[in-house]
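Trainee: Make the full structure from the sequences, and use the hints.
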Amino acid sequence: FCGNLPPAIPHIKAGKLRALGVTTLKRSPELPDVPTIDESGYKGFESVAWFAFFAPKGTPADAIGKLNQALDEIIRMPDVRE
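For the sequence shown, the positions run 148 to 229 when the numbering used here is used.
These are computed hints drawn from the structure, not numbers from a lab. We treat Cβ as the ideally placed atom computed from N, Cα and C, and that holds for glycine. Check before you lean on any hint, since a few could be wrong.
[What the hints assert, rightly or not] Simulated pairs of lysine to any residue, SDA-like, Cα-Cα distance not exceeding 20 Å:
{"id": "1", "residue 1": "Lys213", "residue 2": "Pro203"}
{"id": "2", "residue 1": "Lys190", "residue 2": "Leu167"}
{"id": "3", "residue 1": "Lys173", "residue 2": "Pro203"}
{"id": "4", "residue 1": "Lys160", "residue 2": "Pro182"}
{"id": "5", "residue 1": "Lys213", "residue 2": "Phe201"}
{"id": "6", "residue 1": "Lys160", "residue 2": "Thr183"}
{"id": "7", "residue 1": "Lys173", "residue 2": "Glu193"}
{"id": "8", "residue 1": "Lys160", "residue 2": "Glu177"}
{"id": "9", "residue 1": "Lys160", "residue 2": "Val181"}
{"id": "10", "residue 1": "Lys213", "residue 2": "Met224"}
{"id": "11", "residue 1": "Lys173", "residue 2": "Lys163"}
{"id": "12", "residue 1": "Lys190", "residue 2": "Phe201"}
[To be verified] Using C-beta positions, here's what the derived DEER-type ranges look like:
{"id": "13", "residue 1": "Pro225", "residue 2": "Lys190", "range": "26 to 36 Å"}
{"id": "14", "residue 1": "Phe200", "residue 2": "Lys173", "range": "42 to 52 Å"}
{"id": "15", "residue 1": "Ile211", "residue 2": "Lys163", "range": "31 to 41 Å"}
{"id": "16", "residue 1": "Lys163", "residue 2": "Asp219", "range": "28 to 38 Å"}
{"id": "17", "residue 1": "Pro154", "residue 2": "Glu193", "range": "18 to 28 Å"}
Mentor: So this is what it looks like as structure tokens:
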């Protein structure tokens, strides 16, 4: 299984899942004992997650604009970017 880390962390910490590696080039601060895939021998391997927001067809443009503005503000926050 290869999934996004945040929803998996509670299961890893509870012992329900075993993390074999993270796909970023640096270890995760949340799971510092889990090696990177790069460290495991696949040099240069990196795969980062991406997210998307969807809205139903016909959503008013002003609603889309407000959502876009709010998301823009959020992704510019230093703690979110980190």
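Trainee: With reference to the structure, classify each hint as holding or not holding.
Mentor: Structure-based check of each hint:
no.: 1; hint: Lys213 with Pro203; verdict: holds (15 Å)
no.: 2; hint: Lys190 with Leu167; verdict: holds (16 Å)
no.: 3; hint: Lys173 with Pro203; verdict: violated (37 Å)
no.: 4; hint: Lys160 with Pro182; verdict: holds (15 Å)
no.: 5; hint: Lys213 with Phe201; verdict: holds (14 Å)
no.: 6; hint: Lys160 with Thr183; verdict: holds (17 Å)
no.: 7; hint: Lys173 with Glu193; verdict: holds (9 Å)
no.: 8; hint: Lys160 with Glu177; verdict: holds (10 Å)
no.: 9; hint: Lys160 with Val181; verdict: holds (11 Å)
no.: 10; hint: Lys213 with Met224; verdict: holds (17 Å)
no.: 11; hint: Lys173 with Lys163; verdict: violated (24 Å)
no.: 12; hint: Lys190 with Phe201; verdict: violated (35 Å)
no.: 13; hint: Pro225 with Lys190: 26 to 36 Å; verdict: holds (31 Å)
no.: 14; hint: Phe200 with Lys173: 42 to 52 Å; verdict: violated (27 Å)
no.: 15; hint: Ile211 with Lys163: 31 to 41 Å; verdict: holds (38 Å)
no.: 16; hint: Lys163 with Asp219: 28 to 38 Å; verdict: holds (36 Å)
no.: 17; hint: Pro154 with Glu193: 18 to 28 Å; verdict: holds (20 Å)
Checked against the numbered hints listed earlier, the structure breaks hints 3, 11, 12 and 14; every other hint is satisfied.
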